[in-house]
Amino acid sequence: MTEEPANPAHVADSKADVRAAPLLRIDAVVKKFGQFRAVDALSLDIAAGEFFALLGPSGCGKTTLLRMLAGFETPDEGRILLDGKDIAQIPPHQRPVNMMFQSYALFPHLSVRDNIAFGLRRAQMPAAEIGKRVAEMVALVKLEGMEKRKPDQLSGGQRQRVALARSLARRPRLLLLDEPLAALDKKLRESTQHELMELQRKLGLTFIIVTHDQAEAMTMAGRIGVMDAGRLEQVATPRVLYEAPRSRWIAEFVGDINLIEGKLDAARDAQLTMARRLAIATAQAGTIYVAEPQPPPTKANVCVAIRPEKVKLSRRAPTSDDARAINRFEGVVTDVSYLGGSTFYKVRLDTGAVLRSAMANTTRLDFDAYSPGQRVAAWFSPEDCVVLDQ
Amino acid sequence: MSAEANFTRPARLAAIAPYLWMALFFLVPFLFVLKISLSQTAIAQPPYTPVFDPGAGWEAIKAAFAAFSIDNFKLLVSDDLYVLSYLRSLVVAAISTAILLLIGYPIAYGMARLPQRWQGIAMMLVIVPFWTSFLIRIYAWINILQHDGLLNQVLLALHVVSSPVVWLSTDSAMYLGIVYSYLPFMILPLYATLSKMDPALLEAAGDLGASPRQAFWRVTFPLSLPGVGAGALLCFIPIVGEFVIPDLLAGSDALMIGQTLWLEFFTNKDWPVASAVAVILLILLLAPLLLYDRLQRRQLEQT
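Residue numbers (this note's numbering), protein chains in the order written: chain A, 14 to 403; chain B, 14 to 316.
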């Protein structure tokens, strides 16, 4: 698939228009292992200066794609254009692309300094310049004083920094990062995410990161490509990906979501607050009104998707003239998970469906909290619903 | 509470066992050899004096100690025969080890890069010769190399040579025998280090601009040095003392120290000189043995 069509939901976001002369163009690339198509006719453009994330479950082909960009795998079909030049058949050591490995792959027999200088020496850089560049890189990743240490004398976080400095030392046109933070603990991972973003902005480089961690992808990347079974399911900014998923698979893969299956019921479509609302007849939650999606659904059997934080709970139902609360239900709280910043509720509606709702804990007091067994009203706005094919 | 107190009695016994073993089967025999090397040859049973006789009393033992001399060692240093033998042993071992490295490294490298299921089979092929007696294999080589042996027959049939070539009783035959016999000892430690190496390291080298050749010399080779060291010492040390192969395959004009020792002991019946030869040989090998020990220790610390 190619670039996302005009944003279907009215989601405000206007990041990076890539259609103008991309730095990297992946053109119908296929990689087969025996009969298995690890990457299946995949096309993607990435602009200079982008921070792009490849996200997907394990075995989806994201690492294979990255390895083709680095040159460790050769595509069976298709082209990989870097600055307009096809690099698909060029061996790794002749590409202006560097990779940071998941295992870091630091040379155990070389010091921090020699690890970072390894690529510069191969590029025949004069010794004085190598010294300068290494010092610059060491300062960049804040490893001053560690230059003479061997990798086995460093902590996990320090090794990660050496790997980063080593892959950045040659100033690659494109930096590939294969699960770069997977080996770090949670706190360190979060601070490193921000350091990586800052670094990428400061150096003006193009980063492609492979990750299976969606929070990581959303935090760092300007755009995310979600892969499944060797194909890109959707390429979009984090916000579009979350608020306007293209398919039921994406909706379920990215974040948490309530899905209610139903049928379009054109006879009951309504004009509410000056906007047309489609009526969807569901077995488990009666009629749900949704904002008319662009483009309109093509099949009658659809799925209403609503994120938990958009399902509001209250003790009493909102007034019946509140158009935002036109989708309103009565039910019983069955499950409460307190997560600190928010609380997750499961509500069994009287009509049968189970809705999940996430409520932000905006005060320290618990008068907003609900307990299991309590009767509540659950309601959500037609604008917050996404209509997807079943 | 002291640290030792944490160990149970069986654990302490287990810790002492290797030292007991070494004392019983290495230190005590070595002291015998050392004692004999300081004695004089004699036409007697045993063929040297002095002999300790615990029943003869304290004075006799003191007299025996007084009779010790280092004449045998002086002889070894002054007589060319021994010096040349030692030198030849060291040179033969060094050359053989170099050839073994040149042949063994590519084989081990190839094995380590085979698909996983083929590696076991390759390993079997390396070890299979051990299933036949070492002596039988050397005799088989004699058969192949002799005047009307298989090698000459093939060369003649192919018209590579017009008359049989003398192979047997040459240094070439000896090197062939040594390299053939010791190859597994070179391959196995090399294979062990090479197969443990993370393939991502080579990818990283390539990614950073190293050609496959540079990646080999900058990454693979330095990282395989512990294996190179272990293999080289594992071959060098026993080859220095090698007796059977040079005796059966090499000519008789130059002797290795093992052969000289054998001659002193069995032909000359000069046990004291033979013992002195052995003591010096051990001292010569002490340096590489200690080096090997250090390498092994470092390997253990890394894993």
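Check the hints yourself; a few may be wrong.
Which residues of chain A face chain B? A partial, calculated answer using Cβ under 7 Å [what the hints assert, rightly or not]:
no. : residue
1   : 49
2   : 85
3   : 106
4   : 111
5   : 112
6   : 114
7   : 118
8   : 122
9   : 135
10  : 139
11  : 306
12  : 309
13  : 310
For each label pair, taking beta carbons as the anchor points, the in silico distance ranges come out as [what the hints assert, rightly or not]:
no. : chain 1 : residue 1 : chain 2 : residue 2 : range
14  : A       : 403       : B       : 132       : 31 to 41 Å
15  : B       : 132       : A       : 140       : 34 to 44 Å
16  : A       : 350       : B       : 307       : 34 to 44 Å
Hint data in this document are derived by calculation from the structure and do not stem from the laboratory.
Small disclaimer: the values here were computed from a predicted structure and weren't measured.
Using N, Cα and C, we set each Cβ at its ideal position, and we do this for glycine too.
Determine which of the earlier numbered hints do not hold for this structure and return their numbers in increasing order.
1, 10, 11, 12, 13, 14 and 16
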